[in-house]
Amino acid sequence: MTATSHYRFSFDIGGTFTDLVLYDEMSGRLDVRKELTDVANPGDPIIRGLRALLEERGATPTDVKEVVCGATTLVTNLVIERKGAPTALLTTRGFRDILEMRREGRYDLYDLSARYPAPLVPRSCRLEVSERMDSDGTVVQPLTESEVHEAAAAIRDLDIGSIAVCLLHSYANDTHEKKIEAILREALPDLPVSLSSEVAPEIREFERLSSTVLNAYVKPFIGSYFRALEDELHQIGLRARLHIMQSNGGILDTQEVERVPIRLLESGPAAGAIAAAKFGTLIDCPDLISFDMGGTTAKTCLVHGGSPSITYEFDTARVDRFVKGSGFPVRLPTVDLIEIGAGGGSIARIDAMGLLKVGPESASASPGPACYSAGGTEPTVTDANLVLGYLNPDYFLAGRMQLDRRKAEQVIQERIASRLGMSVDDAASGIFRVINENMANAAKIHVAEKGKDPRKLTLFAFGGAGPVHAREIARRLGISKVVVPLSAGVFSALGLLLAPLSVDLALTHFEMLDDMDWPEVKAHFKSLEDKASDILISAGGAVSDLALHRSIDVRFVGQGHELNVTLEDSFDDQTGNRVRDRFNDSYAELFGRTLAGVPIEALNLRLKASCSLGEFDAIGATTSPTVTDESPSGSRTVFVSELNCHQEVPVYDHRQLQAGAVIAGPAVVEQRESTIVAGPGDRLCLDELRNLVIELGGAKLENADVA
Amino acid sequence: MSPKAFDAIETEIFWARLVSIVDEAAVALVRTSFSTVVRESHDFACVLLDADGYSLAQSTISIPGFIGAMPRTLREMLKRVPREKLEPGDVLITNDPWLGTGHLPDFTVAMPVFRESEIIAFTCVTAHMSDIGGRQWSADAAEVHEEGLWIPVVKYLRRGQVNEDVHGIIETNVRNPGQVIGDIHAQISAAEVMARKLEEFMTEAGLKDLKLLAHTIHEHSAGVMAEAIRSIPEGRYVGETRGDGWDEPVNVRVAIEVRDGRVRADYTGTSPQISRGINAVLNHTFAFTVYPFKTIFAPHVPNNEGLLKFFDVYAPPGCILNAVPPAAVGARHLTGHLLPGAVYQALAQAIPERVPAESGTPLWSIVFKAPPGEKQRGSTTVLFFNGGIGADSIEDGMSCSSFPTNIEVTPVEITENLAPLRFQYKRLTVNSGGRGRQRGGCGQDIAIESVSETPLSVSLLTDRTRYPAEGLLGGAPGLTGYVRKNGEAVTEAKSLIHLDPHDVLEIGLPGGGGYGNPAERSKEALERDIAEGYVSE
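Chains G and P, in that order, are what the protein sequence lines are.
Quick note: the first sequence, position 532, residue 532 per our numbering, numbers continuous.
Quick note: the second sequence, position 84, residue 84 per our numbering, numbers continuous.
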């Protein structure tokens, strides 16, 4: 890298498209490009796109100082499609079936056909060794090493590509797992070994086991995938290191990602939430709902105090994508999003009861909505939006795709309107209202679960379809302010460039809060910190920038779930009391009240270490606008929800609008990859970052549309 | 608003909104409840009912034992406290097992919603309390009075003010009054959330009452169920199953009569009630009789009265499924969980392709109690275990899964941290799933050693140790369960036993029944079973 290397480059490998973003730190210019994803040769579209982007700027690969990869669906798809490595599992004798027995619940109470995904390791590849730890890490039964050798021999006879090891209570004492690893490395040097005490050293055997098995299953593939990608990028002269987005909202280098690849699970949507949080902080809206609606799904994430909410439990590779708990659980810190089966491609249909349903089935990118003229024969949300005038048939994806309004009308007429005995407009508005209702109801529950009041939040909308629906979602949640960034359609890819290097480490320390040995806790943290800083430094971070956040999971004795409470940098005799106070405060905030006199116990210690790879001050600045005109660029007829009729409204081009511009609704504001719809009484203005801020008018906010 | 019919879009949006309202109330309840079974196992229900006491929407997450109970509870409450005696701010409460869900720990609160001085709806919440006084949870109480405090239908709030008399009685009679009173208030908060959101919705939608909307929702749901019932050939179908019972087995006999679009389930011929805590009340019987129908015919239609209007459930008074006071009912689920199997078995004669074989039910619970004064964390530990589910015409049954209820188990590592117990193994039982064209789900073997320094008293709430989950259409039964102490069979598997230090309790959970002729099982499936060790040969 040279003094002239001032470009940051990110790419997001999606199922259909690979989105690429090139950001010029000096000018603040942001260039965006979409290439078709090539599953067999994923590097090809990236290199093609990067070359094109650099060419436009007259730059070369050596001018790039940072590369960030968002591998949205890579790891998840590997698991869903069962294309990972054949994996063997070693457990404590008597417990290999926990992988299959799970927690013994069902994720759907009524649907008897609801099945969990089959375990990634079949029973015949689950081997047992004699050993036992106590819950405090005391050895109850020493490891019978000869059995490990026998297991190694058995594995050699099976067609195995990776090994997972998960022993009971290994979070408390990892010596048996380490010993097994040593024996296996010697006996089977070519097979990668994933230890539960390294992947997810937390109490709860099934969740730790599930995390470890997932890790082992994807490890061989992910490692070679990123090594090959990095090589390809270096071959064209790129000298920057490759960093990869993780599900916790931070980035890491390829080596570390290869060690614990499940950190990439569900990392895709995290970038959008990170970007929304960052923008929210810059525009003084630290409490918001990030709302990202694309072609297949909508994701919402609660951002509080400038940080996306984090969960320590999620599940991946779900049998039913929108049903929590129908996949494999993973114990890793993850940006806490809900995903709703609502996108531009969501299909509208009449159900068995004669009611209009929209989603979660999607026409996806192929064949796509009927108006794409690519063979789609089902009416979708995008078709409805086109009929309602929200989309410009001649300016979809900045004119790169022509939409056929006649086809949209026809399919809505045939499939919906004629069957319900209503006009095409009414049917289209019905599709629009039902999908909005679905998203708003899901968001309401999500916000309620966090103990927050949506009326105090801002809705930050992006994704191709987000800005079209944002205002209607806001109305249903009682939110009065909506913000849409300038490049809403590729906002997630921008988020990749805003993420810090970060790593989360944890260990279980199960003890009553009153009995906690804080010097010992301090020593535990010291070991986590040393490990974290090694990881970050080798990933390219500077030790001087290291930010550490220590926290502890605590709960009332007898309850099943814990809350994560922040710890200060120093420990003293008051630490326990402060933890208790903070726990009581967050408990009261979340659950409405707290319990007096119930003892508190601690479970896990958590460390988040992060460091920035450079500030990103100029995110608002973009290509300099040529015209400074607030007059509309045109007008068209759109359906106005409140008036329940079509009306001629002015159309503006977001890119032509300057900071400070004010527009009165109803209006449509177009972007390259998205469209913003504002209603009567709304006031739109551009803030200093040229985000469009919509202040919703009208007294009736909540439920306004149901009349 | 003129009573014009709602169109397909309005109906969809309004209905979804009502479900969203009850789900938001459920979130409020889960957030504010002290009861771990409410939080972890969703042992609760939030229900919105119309002015006549018919349910419109029920929270999405609630267990089957609560289906259809609430409207009956509310209507009984209104017989005792007539609606003209209700004022805004009043809240009725009861834990009467015969009016409610069938045992004392479940409290039901009901709140009238007024609009222009008319009652237009009721919001009701049932939830399991963390304690209700009485003896340690077990199956061997002789009568309900041993099982705890019994509160008839009373006003807990009068015009928003707490009824101090009732409050005092509850506070005095439970072990952890702070939590129990807190839980009752959590229920009231949830009922208030529902009422408030309902009023907002009605104002915005311009609705003066819920009559037309209730009618629309009920008709749409009824349409689905009516069509489903039409798909069952008319006739009378008898199903029988047998549980361990106590001294005598419990015989369940159900005659399901499908006629003129209605379904009548008659339990005449079922064993009489006994002087132990496994008796069920009719509401509980109703819930576990309609649950199997919902699983077959309308798994994805939100619960409401429209789905249930075609069902009549009868059990003669004094039967173990319609026990009369003062029958003990604390472990009613040991009997109630047998019912879906009997219903499926009856229906198998009419619609064999659509029903599963019997499951290794019920949910087993083992309660370990350290003597008072023992310095251990968690002096009482309740562990849950599940057997295998019955196979159906398409798939093998799931191994070790909760059915018909849905209770997740506590991890071994958490249990060993909290209780003086050490698991020696927890593994699938080979050959426990009933053979068939589709195989029943496997049960499990567990061995737990007491590492306590003092003896532990242990209540066993188990079943199917003598009578297996039967197969269907030629499928073989699953393996029965067992309870052993230090290798010796415990003959009374519902009793209270003692574990001395280092004693080992071994339990085996029953497997699910098989479906179809075992000879028709595919070669691949059979080979896979053997290769993976689900079957030994």
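Among the clues, some could well be false.
Here are the simulated EDC-like pairs of lysine to aspartate or glutamate, each with C-alpha atoms no more than 20 angstroms apart in a straight line [what the hints assert, rightly or not]:
| no. | chain 1 | residue 1 | chain 2 | residue 2 |
| --- | --- | --- | --- | --- |
| 1 | G | K324 | G | D108 |
| 2 | G | K452 | P | E200 |
| 3 | G | K324 | G | E313 |
| 4 | P | K211 | P | D7 |
| 5 | G | K324 | P | E200 |
| 6 | P | K85 | P | E118 |
| 7 | P | K523 | P | D500 |
| 8 | P | K155 | P | E234 |
| 9 | G | K526 | G | E568 |
| 10 | G | K456 | P | E200 |
| 11 | G | K83 | G | E313 |
| 12 | G | K452 | P | E192 |
| 13 | G | K608 | G | E529 |
| 14 | G | K178 | G | E128 |
| 15 | G | K450 | P | E192 |
The hints are simulated quantities; they were obtained by calculation from the structure and are not laboratory data.
Quantities reported herein were computed from a predicted structural model and do not represent experimental measurements.
Going through the hints against the structure:
1. Proximity of K324 of chain G to D108 of chain G is assessed by CA-CA distance (about 10 angstroms); at most 20 angstroms being required, the pair is judged to hold.
2. Pair hint K452 of chain G plus E200 of chain P holds up; C-alpha atoms about 19 angstroms apart against a cutoff of 20 angstroms.
3. A threshold of 20 angstroms between alpha carbons decides the hint, and for K324 of chain G with E313 of chain G the separation of about 11 angstroms falls inside it, so the pair holds.
4. Restraint check for K211 of chain P and D7 of chain P: satisfied, since their Cα atoms lie roughly 15 angstroms apart, inside the 20 angstroms limit.
5. Between K324 of chain G and E200 of chain P, the direct Cα distance comes to roughly 29 angstroms. Violation of the 20 angstroms bound is thereby established for this hinted pair.
6. Of the pairs offered as hints, the one joining K85 of chain P and E118 of chain P holds, with about 12 angstroms between alpha carbons and a cut-off of 20 angstroms not exceeded.
7. Only pairs whose Cα atoms come within 20 angstroms are accepted, and K523 of chain P paired with D500 of chain P is rejected, the gap being roughly 48 angstroms.
8. Under the criterion of a C-alpha separation no larger than 20 angstroms, the hint pairing K155 of chain P with E234 of chain P is inconsistent with the structure, at around 46 angstroms.
9. Our distance criterion of 20 angstroms between C-alpha atoms is met by K526 of chain G and E568 of chain G, whose separation comes to about 13 angstroms.
10. Distance check on the hinted pair: K456 of chain G and E200 of chain P sit about 18 angstroms apart at the alpha-carbon level, within 20 angstroms; holds.
11. Using a Cα cut-off of 20 angstroms, the hinted pair K83 of chain G and E313 of chain G is violated, with the two alpha carbons roughly 24 angstroms apart.
12. Using a Cα cut-off of 20 angstroms, the hinted pair K452 of chain G and E192 of chain P holds, with the two alpha carbons roughly 17 angstroms apart.
13. This hinted pair checks out: K608 of chain G and E529 of chain G have alpha carbons roughly 9 angstroms apart, not beyond 20 angstroms.
14. For the proposed pair K178 of chain G and E128 of chain G, the alpha carbon gap of about 16 angstroms is at most 20 angstroms, so the pair holds.
15. The hinted pair formed by K450 of chain G and E192 of chain P meets the criterion: a straight-line CA distance of about 19 angstroms does not exceed 20 angstroms.
Of the hints listed earlier, those the structure fails to meet are numbers 5, 7, 8, 11, in rising order.
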